[in-house]
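Let the hints inform the model, and build the full structure from the sequences given.
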Amino acid sequence: MDRFYLLVLVASIAGILAYLLQRKAQETPVRTGWSVPDQVNRADFIFPDAPWLVAVFTSSTCDTCAEVLAKATPLASDQVAVQELEAKKDKELHDRYQIEAVPLIALIDALGVVRSHFLGPVSSSQLWSSLAELRESKSS
Numbered sequence: 767m768d769r770f771y772l773l774v775l776v777a778s779i780a781g782i783l784a785y786l787l788q789r790k791a792q793e794t795p796v797r798t799g800w801s802v803p804d805q806v807n808r809a810d811f812i813f814p815d816a817p818w819l820v821a822v823f824t825s826s827t828c829d830t831c832a833e834v835l836a837k838a839t840p841l842a843s844d845q846v847a848v849q850e851l852e853a854k855k856d857k858e859l860h861d862r863y864q865i866e867a868v869p870l871i872a873l874i875d876a877l878g879v880v881r882s883h884f885l886g887p888v889s890s891s892q893l894w895s896s897l898a899e900l901r902e903s904k905s906s
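In the numbering used here, each residue's number is its place in the sequence shown (first place is 1) plus 766.
Mixed in with the good hints there might be a few duds.
Okay, the calculated beta carbon distance ranges per label pair [stated by the list, open to error]:
| hint | residue 1 | residue 2 | range |
| --- | --- | --- | --- |
| 1 | Ser826 | Ser778 | 50 to 60 Å |
| 2 | Val776 | Trp800 | 42 to 52 Å |
| 3 | Leu783 | Ser826 | 45 to 55 Å |
| 4 | Gly799 | Ser843 | 25 to 35 Å |
| 5 | Gln788 | Asp861 | 34 to 44 Å |
The hints are simulated quantities; they were obtained by calculation from the structure and are not laboratory data.
Virtual Cβ for every residue (Gly too), placed ideally from N, Cα, C.
Shown next as structure tokens:
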């Protein structure tokens, strides 16, 4: 009979521990998606005085990155700086801004605020219209 009570006690303790561990596991927040910086230091990039920056975060091992960079490059003008930031070459900036997925295009204003971004493939028309809309809203 003593063994029976001991067995019930051990089973009860095991059940309580299992419940507490399961509850703790459910409270752990799950991160979804990739992080995109909200703000950058424009001094980290080329032409920090340009009103707009198109930062193109890439990797040499990414097939899509070359296509995305080719679509972003024509946006360059006296008002818009376009800069590629390759993962190995510009590792410090990838780390500082916690860039974990490429290609990532960030449309950044003169204050360093990321006003819009594209993660993954993007069309030229999406880039042009997004930048035009941002520039127009900033001038209004």
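> Lying within 50 to 60 Å: is that true of the beta-carbon distance Ser826 to Ser778?
Replying inline: 58 Å Cβ-Cβ, so the 50 to 60 Å window holds.
> Should the hint that Val776 and Trp800 are 42 to 52 Å apart at their CB atoms be regarded as holding?
Replying inline: 46 Å, holds
> Between Gly799 and Ser843, does the C-beta distance stay in 25 to 35 Å?
Replying inline: Distance hint for Gly799, Ser843 holds at roughly 31 Å.
>> Holds or violated: the 34 to 44 Å window for the beta-carbon distance between Gln788 and Asp861?
In response: Since Gln788 and Asp861 have Cβ atoms about 35 Å apart, the given range 34 to 44 Å holds.
> Do the beta carbons of Leu783 and Ser826 sit within 45 to 55 Å of each other?
Replying inline: 49 Å, holds
Going down the numbered hints, you'll see the structure goes against none, and every one checks out.
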